[in-house]
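Novice: Chain A is fixed; fit chains B and C onto it per the hints.
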Amino acid sequence: MLTTAKPLFAAGTPLAARIALALAAIALTGVSAPAWSETHQFQMTIEEGEKEIAPGFSAKVWAYNGQVPGPLIRVEEGDTVEVELTNMTTLAHTIHWHGTYQTGTWRNDGVPDVTQQAVQPGDSFTYKFVADKPGSLWYHCHVNVPEHVGLRGMWGPMIVDPKEPVAIENEVTKEAILMFSGWNEDVAQTFGKGGHPTEKLSYFSINGQSFPNTQPLRVKEGDVLRLRLYATGIETAFHLHGHDMLVTHKDGLPLDSPFWADVVDINQGERYDVIVRMDNPGRWIAHDHIEHHVSNNGKVPGGAVMIVEYDSIEDDDWYVWKDKSYDPNFYYTQSLAEGSGLFNHKGFEVRKIENDKSSDRGRSRGRSQSN
Amino acid sequence: MLTTAKPLFAAGTPLAARIALALAAIALTGVSAPAWSETHQFQMTIEEGEKEIAPGFSAKVWAYNGQVPGPLIRVEEGDTVEVELTNMTTLAHTIHWHGTYQTGTWRNDGVPDVTQQAVQPGDSFTYKFVADKPGSLWYHCHVNVPEHVGLRGMWGPMIVDPKEPVAIENEVTKEAILMFSGWNEDVAQTFGKGGHPTEKLSYFSINGQSFPNTQPLRVKEGDVLRLRLYATGIETAFHLHGHDMLVTHKDGLPLDSPFWADVVDINQGERYDVIVRMDNPGRWIAHDHIEHHVSNNGKVPGGAVMIVEYDSIEDDDWYVWKDKSYDPNFYYTQSLAEGSGLFNHKGFEVRKIENDKSSDRGRSRGRSQSN
Amino acid sequence: MLTTAKPLFAAGTPLAARIALALAAIALTGVSAPAWSETHQFQMTIEEGEKEIAPGFSAKVWAYNGQVPGPLIRVEEGDTVEVELTNMTTLAHTIHWHGTYQTGTWRNDGVPDVTQQAVQPGDSFTYKFVADKPGSLWYHCHVNVPEHVGLRGMWGPMIVDPKEPVAIENEVTKEAILMFSGWNEDVAQTFGKGGHPTEKLSYFSINGQSFPNTQPLRVKEGDVLRLRLYATGIETAFHLHGHDMLVTHKDGLPLDSPFWADVVDINQGERYDVIVRMDNPGRWIAHDHIEHHVSNNGKVPGGAVMIVEYDSIEDDDWYVWKDKSYDPNFYYTQSLAEGSGLFNHKGFEVRKIENDKSSDRGRSRGRSQSN
Numbered sequence: 038m039l040t041t042a043k044p045l046f047a048a049g050t051p052l053a054a055r056i057a058l059a060l061a062a063i064a065l066t067g068v069s070a071p072a073w074s075e076t077h078q079f080q081m082t083i084e085e086g087e088k089e090i091a092p093g094f095s096a097k098v099w100a101y102n103g104q105v106p107g108p109l110i111r112v113e114e115g116d117t118v119e120v121e122l123t124n125m126t127t128l129a130h131t132i133h134w135h136g137t138y139q140t141g142t143w144r145n146d147g148v149p150d151v152t153q154q155a156v157q158p159g160d161s162f163t164y165k166f167v168a169d170k171p172g173s174l175w176y177h178c179h180v181n182v183p184e185h186v187g188l189r190g191m192w193g194p195m196i197v198d199p200k201e202p203v204a205i206e207n208e209v210t211k212e213a214i215l216m217f218s219g220w221n222e223d224v225a226q227t228f229g230k231g232g233h234p235t236e237k238l239s240y241f242s243i244n245g246q247s248f249p250n251t252q253p254l255r256v257k258e259g260d261v262l263r264l265r266l267y268a269t270g271i272e273t274a275f276h277l278h279g280h281d282m283l284v285t286h287k288d289g290l291p292l293d294s295p296f297w298a299d300v301v302d303i304n305q306g307e308r309y310d311v312i313v314r315m316d317n318p319g320r321w322i323a324h325d326h327i328e329h330h331v332s333n334n335g336k337v338p339g340g341a342v343m344i345v346e347y348d349s350i351e352d353d354d355w356y357v358w359k360d361k362s363y364d365p366n367f368y369y370t371q372s373l374a375e376g377s378g379l380f381n382h383k384g385f386e387v388r389k390i391e392n393d394k395s396s397d398r399g400r401s402r403g404r405s406q407s408n
Numbered sequence: 038m039l040t041t042a043k044p045l046f047a048a049g050t051p052l053a054a055r056i057a058l059a060l061a062a063i064a065l066t067g068v069s070a071p072a073w074s075e076t077h078q079f080q081m082t083i084e085e086g087e088k089e090i091a092p093g094f095s096a097k098v099w100a101y102n103g104q105v106p107g108p109l110i111r112v113e114e115g116d117t118v119e120v121e122l123t124n125m126t127t128l129a130h131t132i133h134w135h136g137t138y139q140t141g142t143w144r145n146d147g148v149p150d151v152t153q154q155a156v157q158p159g160d161s162f163t164y165k166f167v168a169d170k171p172g173s174l175w176y177h178c179h180v181n182v183p184e185h186v187g188l189r190g191m192w193g194p195m196i197v198d199p200k201e202p203v204a205i206e207n208e209v210t211k212e213a214i215l216m217f218s219g220w221n222e223d224v225a226q227t228f229g230k231g232g233h234p235t236e237k238l239s240y241f242s243i244n245g246q247s248f249p250n251t252q253p254l255r256v257k258e259g260d261v262l263r264l265r266l267y268a269t270g271i272e273t274a275f276h277l278h279g280h281d282m283l284v285t286h287k288d289g290l291p292l293d294s295p296f297w298a299d300v301v302d303i304n305q306g307e308r309y310d311v312i313v314r315m316d317n318p319g320r321w322i323a324h325d326h327i328e329h330h331v332s333n334n335g336k337v338p339g340g341a342v343m344i345v346e347y348d349s350i351e352d353d354d355w356y357v358w359k360d361k362s363y364d365p366n367f368y369y370t371q372s373l374a375e376g377s378g379l380f381n382h383k384g385f386e387v388r389k390i391e392n393d394k395s396s397d398r399g400r401s402r403g404r405s406q407s408n
Numbered sequence: 038m039l040t041t042a043k044p045l046f047a048a049g050t051p052l053a054a055r056i057a058l059a060l061a062a063i064a065l066t067g068v069s070a071p072a073w074s075e076t077h078q079f080q081m082t083i084e085e086g087e088k089e090i091a092p093g094f095s096a097k098v099w100a101y102n103g104q105v106p107g108p109l110i111r112v113e114e115g116d117t118v119e120v121e122l123t124n125m126t127t128l129a130h131t132i133h134w135h136g137t138y139q140t141g142t143w144r145n146d147g148v149p150d151v152t153q154q155a156v157q158p159g160d161s162f163t164y165k166f167v168a169d170k171p172g173s174l175w176y177h178c179h180v181n182v183p184e185h186v187g188l189r190g191m192w193g194p195m196i197v198d199p200k201e202p203v204a205i206e207n208e209v210t211k212e213a214i215l216m217f218s219g220w221n222e223d224v225a226q227t228f229g230k231g232g233h234p235t236e237k238l239s240y241f242s243i244n245g246q247s248f249p250n251t252q253p254l255r256v257k258e259g260d261v262l263r264l265r266l267y268a269t270g271i272e273t274a275f276h277l278h279g280h281d282m283l284v285t286h287k288d289g290l291p292l293d294s295p296f297w298a299d300v301v302d303i304n305q306g307e308r309y310d311v312i313v314r315m316d317n318p319g320r321w322i323a324h325d326h327i328e329h330h331v332s333n334n335g336k337v338p339g340g341a342v343m344i345v346e347y348d349s350i351e352d353d354d355w356y357v358w359k360d361k362s363y364d365p366n367f368y369y370t371q372s373l374a375e376g377s378g379l380f381n382h383k384g385f386e387v388r389k390i391e392n393d394k395s396s397d398r399g400r401s402r403g404r405s406q407s408n
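Protein chains in written order, with this note's numbering: chain A, 38 to 408; chain B, 38 to 408; chain C, 38 to 408.
Chain A extracted, bound-state conformation:
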């Protein structure tokens, strides 16, 4: 039977009853953390920096913990999360925890002038909430979203492991996080510009990098691969060659009726989890199928493109990534194998820009403690 924390529908139950049950279940969700949960205390900064997105193109960013994407936060459903945020930039920011219910803690939702006043330059703010929704969540700034989220890299993944995963989740042997976003060359170098509705994006990226700056996703035959797909700053139509994807989760929660796809359409803010049995050795490109998203300012190949490499396939002389320098944690695959915590990744670090709000506190690995 279905075993999500927020039960959906029991198989075989008539539709009307299933829905009634599902809604009733929401009412049972409690606010307080149960006895077996943990409390995680993390420190996060926002830092001004610059990041190379594609060969010859860099953008100024506001970087959570000095990196784009921001650090991976991974906890278990029911855990308490406490994040002390310090704004080391010259403009105001917040963190919105997208997907989290914030049950009983709405003032931690991160929306300026609605749930809190924005965190001013040099100031700190502590968010505290129970991770009461499982699945593929994310966090991002909620100040001036068209620029801060759309163009400045202010986003990162938060994974909340469900107490009772659906069976297929337990079969997964390898995980990867893919966050899709875009960039505007015209305003890339000027903080406080961009995000205008008539602007056009010129670069498109996965985890902040445009092809060929992206990375291979290396697999072996027999892997059961879970991709957590995030449309953070652009709509994407993700296409994986050579395999169908079973779409199992939307916005963190399991679908009652999973479906097969070779292209997954994801609009901004949505997340889809897909599970793929890696049973077809080869070199397989995977990319946004929106045609304007696969070039670097009009130069092909480029954009939101990556390659899935089976370990049994040898490189050809003409293979575009024959001499590629490999970062095995580019999709947070290594971090995702390590359980709960906050995970920075050196490969995502940006070049710091000093300002009078910068301090020497830098980034620090979060501390977890038992409750």
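It is possible that some hints are incorrect.
Any copy will do: because identical chains look the same in the list, a pair fits if it lies in one copy or spans two.
[Unchecked claim] Pairs of lysine to any residue residues, derived as SDA-like cross-links and limited to a Cα-Cα distance of at most 25 Å, are as follows:
no., residue 1, residue 2
1, Lys394, Ser362
2, Lys389, Tyr363
3, Lys359, Gln157
4, Lys257, Thr123
5, Lys230, Phe94
6, Lys383, Ser161
7, Lys336, Gln157
8, Lys230, Pro92
9, Lys361, Arg144
10, Lys257, Tyr356
11, Lys336, Ala129
12, Lys257, Arg144
13, Lys394, Leu122
14, Lys359, Val209
15, Lys394, Phe380
16, Lys336, His233
17, Lys361, Thr142
Just so you know, the hints here were simulated from the structure itself, not pulled from any lab data.
Specialist: Here is chains B and C on its own, set in the frame of chain A:
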């Protein structure tokens, strides 16, 4: 069991049989109104006007009954609807009843040069049809759609209550209609301009208003809220904070497999109904997650943004809508509690522009009579 | 029960088990063609040409077999397909077989510098693979996709009939293929230009034609119509008037939970199959509901618009297509009634542009032979 007028699938029936049944059921749909149905006679105008969309930005519109959105039409499945339309503008128009099958009445479908000749300035045309499809439908002009629907506010909601709703519909305690559209400042003041495929929209709205001109949706703990989401003139990725939405209906009909979402992707013309248990008191922003849709010509905050306010939460001094003037019918919530009829709303009225086709007949409340 | 070649879920099976079964089933898919399959040998060219898309607007194209859309390829699941491609243009190209698993044949996937080196002007390349995925597939060039696929018409349909169709597929009496794409007037006349992410499309088409150059889809009452909808070069929100569509397949495979729609949202690369019972005689427009997609460079009516005509309805004097010249194979409806093979269509031929790579081999009908 499922009890829509056009039966979908009986739970537990094998897929193939369900589909066969579903298609067979279509053939049973009759054209004539059954004995217990009503006939509704409504009068509608199209009037030239101007409407403030955002602070400092107004657009010229063609307004059904002098308002944007157009009046709410609410009838029961099987009722006969008769609308006498009078075109008081200086260009030709029609009404297309989006979603209605128009079984046996295709000449009432409102498509110029295909089902009828367009209604010329000063002329009238009477549409008559049976409301044979239930759910969240809408109406809009079908002449020069890129301008008339895309930029001039020629759309309004039509709700047809199903004879046999699914169970969860009966639990709903509060309803709201949200229609998403966009505006182009460059051509806003010139009738007959705009709608070009290379144009870019600069304002984005819910029910014709951009934040902060939108309104709060006020709820109390325990409400079961049904949102009827319409992508009338823009694609939208609707995100509600603090709650998951159960997506129950698409394009008016119940889904066999409802799903949870925190972002609902809706392309132009589509409608999704979502049901939300209001169990998490707070102030929760709700907005289009397409980043370019949350500013007013580049100025933030703005765009397709609203706030859900629980009545138990007191305003903070810094709350952006602390002194907001409240219109309780902005989402047609009050009208939706009143049963069948045609409902104008004073809050949606536009400033009239006189022309030689204007008359003194003005807008009139529709009359309903028993069949 | 469900009878697809790649079994999805048995009805009534708990979700977890269904998913496990589904994934396990993938592992059973073999590479070798079974004894009862056929081998099809086809020859295809790529030719430089020019095509009228809308009245007064032509675009330079690279045309598979000298036509846009490319020829229909129709085979049965398990058949072997062998295509000898000859590039008669002045730039490099490939064919990617979108959706095909290419199990054991990844070097036939058509991605330049990843699975093969691009096919140079004047050169040939033979693709050979087993059609191991059923359903509505397609093929397109994978070199410089933003221009070649986005603007130059390098796409065509491939239908693989499943060994064990779902029941409703057997009820279908009429089929049609609709491929949606866009065009940019600014670069239409210059090979090697266009596809830049900031470019805006000005023309929108179905099967390479913009209204009124599109064609009626003629039906009779009682037809069970299957539309195979392809978003090849633009996102589309396909709306059919007067009927609901049952969405039965996504990306070639049957949905476990089909759903009703009057607007089908399809992002680039996706395919949806819908089945419609033609039970409502009339003249019904069908079109992309994205408002910017229904004009020809801003002139209305135009764009991705067609009309479904019931044979029992007589033309009115004012009907826009009263004197329309009729092409009964514009939606490949005639070809789709002919079984396996490669089907060129004279109505899709483009005006040839001679260059030094052109030869007299021209296009040839593919040959099929028993295995």
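Novice: For every hint, state whether the structure bears it out.
Specialist: Hint by hint, here is what the structure shows:
no.: 1; hint: Lys394 with Ser362; result: neither (35 Å within a copy, 39 Å between copies)
no.: 2; hint: Lys389 with Tyr363; result: within (24 Å within a copy, 46 Å between copies)
no.: 3; hint: Lys359 with Gln157; result: between (47 Å within a copy, 21 Å between copies)
no.: 4; hint: Lys257 with Thr123; result: neither (41 Å within a copy, 35 Å between copies)
no.: 5; hint: Lys230 with Phe94; result: both (17 Å within a copy, 22 Å between copies)
no.: 6; hint: Lys383 with Ser161; result: within (24 Å within a copy, 46 Å between copies)
no.: 7; hint: Lys336 with Gln157; result: between (39 Å within a copy, 19 Å between copies)
no.: 8; hint: Lys230 with Pro92; result: both (22 Å within a copy, 22 Å between copies)
no.: 9; hint: Lys361 with Arg144; result: between (46 Å within a copy, 20 Å between copies)
no.: 10; hint: Lys257 with Tyr356; result: within (19 Å within a copy, 53 Å between copies)
no.: 11; hint: Lys336 with Ala129; result: between (35 Å within a copy, 16 Å between copies)
no.: 12; hint: Lys257 with Arg144; result: between (45 Å within a copy, 18 Å between copies)
no.: 13; hint: Lys394 with Leu122; result: within (14 Å within a copy, 61 Å between copies)
no.: 14; hint: Lys359 with Val209; result: neither (29 Å within a copy, 49 Å between copies)
no.: 15; hint: Lys394 with Phe380; result: within (24 Å within a copy, 56 Å between copies)
no.: 16; hint: Lys336 with His233; result: both (24 Å within a copy, 8 Å between copies)
no.: 17; hint: Lys361 with Thr142; result: between (46 Å within a copy, 24 Å between copies)
In summary, the structure is inconsistent with hints 1, 4 and 14 from the numbered list given earlier, while agreeing with the others.
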